[in-house]
Amino acid sequence: MPAISLQNIAKSFGETRALAGASLHCELGEIHAIVGENGSGKSTLAKIISGVALPDAGKVDVLGHAPTTPAEAIAAGISTIYQEIMVAEELTVWENTFAGTDGLWRRKTTTAEKKRLARETLLRLAEVDIDPDTPVSALPLSVKQWIVIARAVLQKPKLLIFDESSAALDLEATNRLHKEMLALKEAGSCVLLVTHRIAELVKITDSATVLSDGKTVGRLEKSEITEKNLLRLMSADERHSAAGKRENSVISTAHKPALEACNVQLAANAWPLDFKVHAGEIVGIAGLDGAGQSEFVSILAGITPAPAGKVQVWGASTVSHEITSLADAEAAGITYVSGDRKKEGLFPNLSILENFGLALYDRMASRFGVIDRTQLSAAFDDEELRLSIKYGDRSDKITTLSGGNQQKVLIARAFALSPKVIILNDPARGVDIGTKQDLYTHLRDFASNGGAVVYLSTEIEEFLNFADRADVFFEGGIFASFDQGAITEDNLLAAMFGQTKPIVFDEDTGTEGVA
Amino acid sequence: MLSNRLSHLWVPLGLVLILGIMAAVRAPQTFTYVGLAGALLVAAPLILAAVAITPIAIAGRGGVDLSIGPLIGFVNVTIVVWLSENGITHPILVFAYAILAACAWQMLLAAFIIFVRISPIIASLAGFMILQGVNLVILSRPGGVAPEWLGNWGWGTELLSPVLYILLAAFAIWFLFQRTAMFQHIRLMGADERTAYTSGVDIIKARFAAHLMAGVFAGLAALCLTGLIGSGDPTQGNTLTLQAITALVLGGTSLAGGKGGITGSVLGAVAMYLVFVVLSSFNFGAISGFMTQLLYGLMLVFALLVALVTTAPRTRAA
Amino acid sequence: MRKGIATSLVVVSAMLLGTAANAEGLDELPAELAAAYEGVDEGQPIKASAYREWTPRSEPPWKIGYASSYAGNTWRAEGLKRLTQELFPVYKDAGLVEDIVVTQSDLNDARQIQQMRQLVDQGVDAIIVCCSNPVALNKAVEYAYSKGVVVFSYSGYLTSEKALNASSNYTLGGYEIAKAMIEEVGGKGNFLLVSGIAGAASSESFDTGAKRALEEFPDAKLVGQVWGNWTDQVAQTEVQKFLATNPTKIDGIIAQGSQETGVLKAVLQSGRDVMPISLAGSAGAACYLKNNPDWISHAFQIWPPGDEMELGFNSVIRTLQNQGPKVQSILRGVYRVPSEEYVSGLSADCSVDSTEYIQPGIDVWFPDDKAAGYFLRPSDPLEWKAASN
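So the protein lines, in turn, are chains A, B and C. All the letters of the first sequence, read from the start, carry residue numbers 1 to 515 under the numbering used here. All the letters of the second sequence, read from the start, carry residue numbers 1001 to 1318 under the numbering used here. All the letters of the third sequence, read from the start, carry residue numbers 2001 to 2389 under the numbering used here.
Worth flagging that the hints you see were computed from the coordinates, not collected in a lab. Treat each hint with caution, since some may be false.
Distance windows between CB atoms, simulated [as the list claims (entries may be wrong)]: (1) B/F1282 with C/G2361: 30 to 38 Å; (2) A/A75 with B/F1171: 29 to 37 Å; (3) C/G2361 with B/L1108: 50 to 58 Å; (4) B/I1130 with C/K2188: 32 to 40 Å; (5) C/K2188 with B/V1134: 30 to 38 Å; (6) A/R363 with C/S2270: 45 to 53 Å; (7) C/V2223 with B/L1108: 32 to 40 Å; (8) A/R363 with C/N2291: 57 to 65 Å.
Cut-off 27 Å, straight-line C-alpha distance, at most; resulting in silico cross-link-like pairs (BS3-like, lysine-lysine) [to be verified]: (9) B/K1205 with A/K156; (10) B/K1205 with A/K115; (11) A/K59 with A/K222; (12) C/K2179 with C/K2241; (13) C/K2092 with C/K2147; (14) B/K1205 with A/K108; (15) A/K158 with A/K203; (16) A/K228 with A/K203; (17) A/K185 with A/K222.
Stretch-level coverage of chain B by chain C, calculated; a stretch enters the list once three of its residues show a Cβ under 8 Å from a Cβ in chain C [claimed, not checked]: (18) 1145-1159; (19) 1229-1238; (20) 1277-1283.
Note that beta-carbon positions come from the ideal geometry of N, C-alpha and C, so glycine has one too.
My request is simple: use the sequences and hints to build the entire structure.
Here it is as structure tokens:
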């Protein structure tokens, strides 16, 4: 009996099409992997199997069921470890470990037994001895991850789905996890691994389904699962290649950098980071989710203060100004654009013009605080033309725009502040290819006019032909730094997994290889 | 670690102690046999109302049941008008009616919150207004007479009274409920509804169960209120809503869900009763009512500040 | 109409029963006083009082508690002022009252019950309460009685046998006020009723009486009812809302007291011709009458706040002095005044914005000789002390 058989699954979330024609097949007693880049739809596929999301179209057969709720899936013997770490922070370790395992009213296990089992299991899996009465909020992320794993494993599932797209586990931990998976496989269960840790995948999986842009682009059997094959399938599509016309520009590193980070630590005992971006330079930042790159750009932008080390800008003279707050950043001409529009940056209830003008109100207000609407409109006209924003009326709510155009408004807002440094955190998320091209062109222009760009992306193809340098984060540090010529998908991907030796060290960002 | 789970009780416990000492000094008769009997009688409706909204608050989504006061008022006026005036006065029938009526309302409220996806505060606010009107339609003015046995609770001169037994029964029910898996489900749902859902908890049934418990306690609160005032009053219940919420918050139950229990709510309600005993012992004249409000407000701010200060380091550590 | 008959029957039968059982109670009252009991609220207890032979637990000077249920409007404030600023000093000087303790419960019965019990425990000899739920406080009243403390309810009643009550007959008041208003505009037309607080006992009593009067006039139509909470500002807003949304012509507004100034202002703001509005003691509206003498021919005094408080206080002192109240409820009849007399006390530069009350004064509204009729062994409360010394 097949453990999972999915045919032609389609699923959209609002405007975003997550899956369009994804198929998957795997048997009991095997470890199967879903592989793909960020945004290829692999997590959505996992959610459909576990009953969290319902497909718009296609046929679902999981252990003979088509689960419509997680409860149904669990009843059918499907346990899922989700991409997000699903814990209730206020509750204790044992309560979280045994969440949802009891009957509606009756306990299946006594509390004492639950505590004992939770402690035992966590000792075995995480190799840490934790008082099961500890509230989860007091524990580090990795332990929370283990609690979620323990919850799934303790159910003795027939199908275990592990979405480790952003798993907070180190290599050694991963090995222990693999042992668990192999044990489950021995016991006749199926393990479905959602991953992009290619090396590990090669080691333990029996077969793999490769997704790209919501479609199944290939299936590999055990013997075919090689790093090369996977990368070939994952990046087979050439759709993103020409990212803006690239002229080789010579960046004078002799001058002081526009923005500099010295000995910044992302956490108390993390590796110290050094980072520089010069006027006219575009630096790409890459890394797997949770490798520290997002935290790092927040520190650069002055949103979160650095736990250790300092971020500074150099003025015209040799005097440096430290950036410890948003106000500092603003004064130094650093602006930040987030790709997570809903959470950061967008005011869904305000109009397009208001969303554009918010940050400009201070500058465009008269002495008495009255905002000069004419000036604001004029500024919007300029940016609208530059970014070719498409909209109905500028007084329409921003939410009437498509994702790409919303993003353009936010970028327009950043440009209108005439910054010296612009920091973008995955701005192209959910944005169509045309808009991306526009965006690259504008950033290029901005750089050639003396601006500095820090560009974090989850899609590494974005850096090709676009960035002057790409820094790759791995486990909280800059693992490798590639110069323009060395920015290739293979190099970047490899570095993201901490696999290959760093190829090129920028003389300023010398970092030990962290393995 | 046990202390950690009970840490939210320090503030209300401290308040009760301080106010208790003040009451003992200012109004020593509060702690005589009859004084305590009277205190139990007067405080019981508020205590039970605060207990009633606790499971709903624990169930999360910012679930504050604003309709609790008018609901208690509704059961009160209907006991008097529908039952008592029609000769239905048997204790078993009255008890069963009070609990079932309150549970039925809570089920209705839960159904609206779950299926119509109205936020609890809006659903219960609408409920507040609806019941407030309904109560006045049923009984346009205070009056009517409670069944005799129920009215006799109002003497409040014996400590070992039905009111005490009801309170004890309420604690027993809660204690048993706390030991069920359902209580865990509700806590989990309140702390993180997504985690609960993805862990396979039936969040629909869990929310219904939280409201069902609220209904049981609201029914008991209504019986105590009816015993206290010996009659029906269409407006008396209304003031209970804000008082019960104040008691709940003083008791350390988080309106964000997942945290708290009835011990805190009971302590909160007792603290509020004591404030009021202490204040009544001063001759503030016409302003004493406002002084009470003012003090409730100050106590609330104080309690929240203390809670914030004591939990802040833990949050940062996370 | 049917309800009216039913109510009268209850009263009559109650009186008959009283007569049959013994001659104590209503029968002992002078005929003139007994007339005020006609059409009384059916719940109001009018049997013989429990205090015919009763001595308080302590000697004078006494300590008196006032368990007020609300302090949020001018009417309550006026009553409290009379108690603490006028009556207390006089009775203190006379060596009758040692202290007056005031508590306040914000319309919360549970609190009021607790405060009454606490007052008893703190050693007061009598408790005055005002206008509460007629049943809710009964057990607290009996608790007080068991400790030798008398509870006296003014401007409202308690059904307990152990309580004494003093008030106007609100049902009769509502009836008379409504009837006078309907007759004022020719026995027909559209009327708006401005009630007090929905669910409050005396407010509902008034409305019962008013509606009975309306039923007596087939051409008089009640086109609306709003609740002004006995507060000018609330009444003004509510009436404004009503007038703005109901274009119907209103011929007269039947209003409970303590809010007619607000009602008048709403009418003035609406731009309509000012129709007659029931007047019952607010100085603001009275001032308008003084400036427009043709507006309405009469006014009523059912609940002058200070005088009503004084009636209650007076009765409490008499009871403490073992003067022996005959019946459970002392009922004041409806006091109707012609316009000229009503406004005679107002100065020419009075203001429509005034929040004061016009009070007839206790000597007019409830004179001593009248009060004496309610007691078995009457004497002037202030002189009683002197006599016993």
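Checked hints:
1. B/F1282 with C/G2361: 30 to 38 Å: holds, 33 Å
2. A/A75 with B/F1171: 29 to 37 Å: Hint holds: Cβ distance 35 Å, inside 29 to 37 Å.
3. C/G2361 with B/L1108: 50 to 58 Å: holds, 55 Å
4. B/I1130 with C/K2188: 32 to 40 Å: Holds, since B/I1130 and C/K2188 (Cβ atoms, about 37 Å apart) stay within the stated range.
5. C/K2188 with B/V1134: 30 to 38 Å: Given about 35 Å between the Cβ atoms, the range holds.
6. A/R363 with C/S2270: 45 to 53 Å: Once the Cβ atoms are compared, 50 Å apart, the range 45 to 53 Å for C/S2270 and A/R363 holds.
7. C/V2223 with B/L1108: 32 to 40 Å: holds, 35 Å
8. A/R363 with C/N2291: 57 to 65 Å: Holds, at about 60 Å.
9. B/K1205 with A/K156: Between B/K1205 and A/K156 the Cα gap is close to 25 Å, so the pair holds against 27 Å.
10. B/K1205 with A/K115: holds, 26 Å
11. A/K59 with A/K222: This hinted pair holds, its Cα atoms lying about 25 Å apart.
12. C/K2179 with C/K2241: holds, 25 Å
13. C/K2092 with C/K2147: Holds: C/K2092 and C/K2147 sit about 24 Å apart, inside 27 Å.
14. B/K1205 with A/K108: Roughly 18 Å separates the two Cα atoms, so the pair holds.
15. A/K158 with A/K203: holds, 22 Å
16. A/K228 with A/K203: holds, 14 Å
17. A/K185 with A/K222: holds, 15 Å
18. 1145-1159: Coverage by chain C holds for the stretch 1145-1159 of chain B (6 residues, Cβ < 8 Å).
19. 1229-1238: holds (count 7)
20. 1277-1283: Three-residue rule met by the stretch 1277-1283 of chain B, so holds; n is 4.
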